[in-house]
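**Student:** Now for the letters of each chain:
Protein chains: 2
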Amino acid sequence: METFFSFLERRVDDCSSLLCVGLDPHIPDLKEPTAASALDFCLTLVKQTAPYAAAFKPNAAFFEIFGAEGWTVLKQVIEAVSDESKRLGSLVPVILDAKRGDIASTADAYAQSAFENLGAHCITLNPYLGKDSIDPFIKDHEKGVFLLCKTSNPGSGDLQDLKIMKEERGKTDDLLSSSIFLYEHVAKLAQTWNTKNNIGLVVGATHIDALKRVRAAAPDLWFLSPGVGAQGGELEAAMKAGLRKDGKGMLIPISRGISRASNPAKAAAEFRDEIINIKMGMKK
Amino acid sequence: METFFSFLERRVDDCSSLLCVGLDPHIPDLKEPTAASALDFCLTLVKQTAPYAAAFKPNAAFFEIFGAEGWTVLKQVIEAVSDESKRLGSLVPVILDAKRGDIASTADAYAQSAFENLGAHCITLNPYLGKDSIDPFIKDHEKGVFLLCKTSNPGSGDLQDLKIMKEERGKTDDLLSSSIFLYEHVAKLAQTWNTKNNIGLVVGATHIDALKRVRAAAPDLWFLSPGVGAQGGELEAAMKAGLRKDGKGMLIPISRGISRASNPAKAAAEFRDEIINIKMGMKK
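Protein sequence lines correspond, in order, to chains A and B. Residue 145 in the working numbering sits at position 145 of the first sequence, with consecutive numbering throughout. Residue 133 in the working numbering sits at position 133 of the second sequence, with consecutive numbering throughout.
Please note: incorrect hints may appear among the correct ones.
With a straight-line Cα cutoff of 30 Å, these simulated BS3-like cross-link-like pairs (lysine-lysine) come out [unchecked claim]:
hint, chain 1, residue 1, chain 2, residue 2
1, A, Lys212, B, Lys163
2, B, Lys196, A, Lys131
3, A, Lys279, A, Lys266
The hints are simulated quantities; they were obtained by calculation from the structure and are not laboratory data.
Based on the sequences and whatever the hints tell you, model everything.
**Tutor:** Right under this line is the structure:
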C-alpha cells in the first residue's frame, strides 16, 4: 500500500538525498516586495534545486503575507514542483509548513485547503489540540503530517520541556526519576497513532539530546529537523542522534542557506553531498 | 493607555453583551459553494448581529478553503465590521480565529498578515512553541491574542490534561497531590506574560471544572469560551465558573446557533439577553 512515507522514501532513494529545500520568500530577500517577485524567487529555487531535493517545504506565512495574491502564488509554486517532478520522473513531495491545528469541521476545511486545493502532499501540524484535530489530515494514507514535537526555537522549552507524570504509576517515589518530557510524550503518542505510515515529527536539529530521546520514543518515525544552517545546528551531531537504523528517517530542511547562496543549485548539491558524507562516515 | 482589552471592555459596556458572533462560512450553509456566497453570508450576519456583538470572530479556515478569493473575502468581511463599527459609533473588535503558532520571522509574517494586512484586532494562537512564538503578536498593546488553553473538543485531553511536575518542589511525596494540569500551567504563564493587557485564553465552555481551575490560575484574563450552542455547552454553568469578579472576562462565541437561525438578528439578541439574565441572576 502506498503511503506518504513510502512516496518520500522512494524519492529519497531516487535522489540519494535527505535535503528538504525550504521555499520561504522572505520579503527582504526579494527583488521587490510583491507576490510576483515571491513567485520568481520560488520558481528559480525549485528549478535550480529539484535534482537534489528529497522534498520541498513552502512556509505558508511568507505567502499569506501577500494576501490573496500570495495564495495564488503558493498554488503556482506547488504546481511548479509537480511539473519538475514529471520532468525528473520522480515525485518530489511538497510539505506545506503551516503548523495548523483546529477541530472538527474547521480541521476538515484546513485539510481540504492544503491537500485538495493547493495540492500539497503533507502538512506540519501542532499537536496541542489532540488526536481528533489530527484525524482529518491523516485519513488518506497518501497524505502525511509532521507533528510539532520539539521545535528549534529558544522558547520551545516553555511547554515542550515540562516534565509530565504518568498517572498509571503507583509509587510517587519513582516519579522524579522516571518522568518524561512533554515532547517525548508527543513522540510516543505519534508512534502509536501512526497506523497508516503517514505521521512524522518536527524535532529541531538544535537539540541533540532531544533528538536522541525522541528517536528512542519513536524508533520508526520520520523527523523533519530544522535548525541547520541559518539557525546554527550542527549537522553531523544531529544526524547521529536522529537517523533511524536504516540510515533514513530524517529530513534536513534548509532555506536561507540555499536561497541566499550566490549559486543555489551548487549550495543544494553541497548540502546533499555533506549529508551523504556524514551517512557514509557513520557506516564505518 | 489603550490596549486590546481596554477596547474590548469599552465595546462590552457599549452593547451590554459578552456575545462574540462567529463568522464561519461553512460550505453546506452557503447558497452556492463559492467565495462570493461566503461574502454574502458574512456580510448579512455582520449587518444583522452587530448591535448585539461584543466582537466578531471569523475563522480563517472557512475562507482559506476558497484559496485566493477566500482571502479577499476575509479582508472584505473585516472591513465590513469596521464600517459597521463607524455606523454604531463603537468599535467592534475582530478576533481572527487562526490558531497560528510559528517562530521568529515566520511569526512576524503571520502577525503582519493578521493585523496590518487583514486589519484584525486580535488573533487566536497555539502556545505549544513557547513565549518567543507569541512575542511578535503582542508587541503592539492595541493588538491582542487569545492563547489556546483548554479547548472544547473531545481530544483536548490528550495533551492539555497531562499532569505536570513542578521541578522546584523538593519532596516527591507531594507531587501527586499538588500537581497541575498542562492547561493550568499555560494559564499561569499567560497571566505572567500579560504585562500589556493584551493576552487572553481560549477555555472551552464544555469543561466546567477546567473553567474554574483556569479562572483560579489566571484571575485577571479574558476567556474566549466556545462550546455553547452547536457544541452543547451549558451557558449558565460555564459563566458561573468562568466570569471574573467584575462580571466580565468572558466572551461567548456563537456561530451556527446564530447563522443557522431563521432570524439571525433575533437569535443574536436572544443570546445577548440570555447572557445578561444569567449575569443578573448571579448578582442576587
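**Student:** Look at each hint and say if it fits the structure.
**Tutor:** Results for each hint:
no., hint, result
1, A:Lys212 - B:Lys163, "holds (24 Å)"
2, B:Lys196 - A:Lys131, "violated (34 Å)"
3, A:Lys279 - A:Lys266, "holds (20 Å)"
Violated hint for the displayed structure: number 2, the only one.
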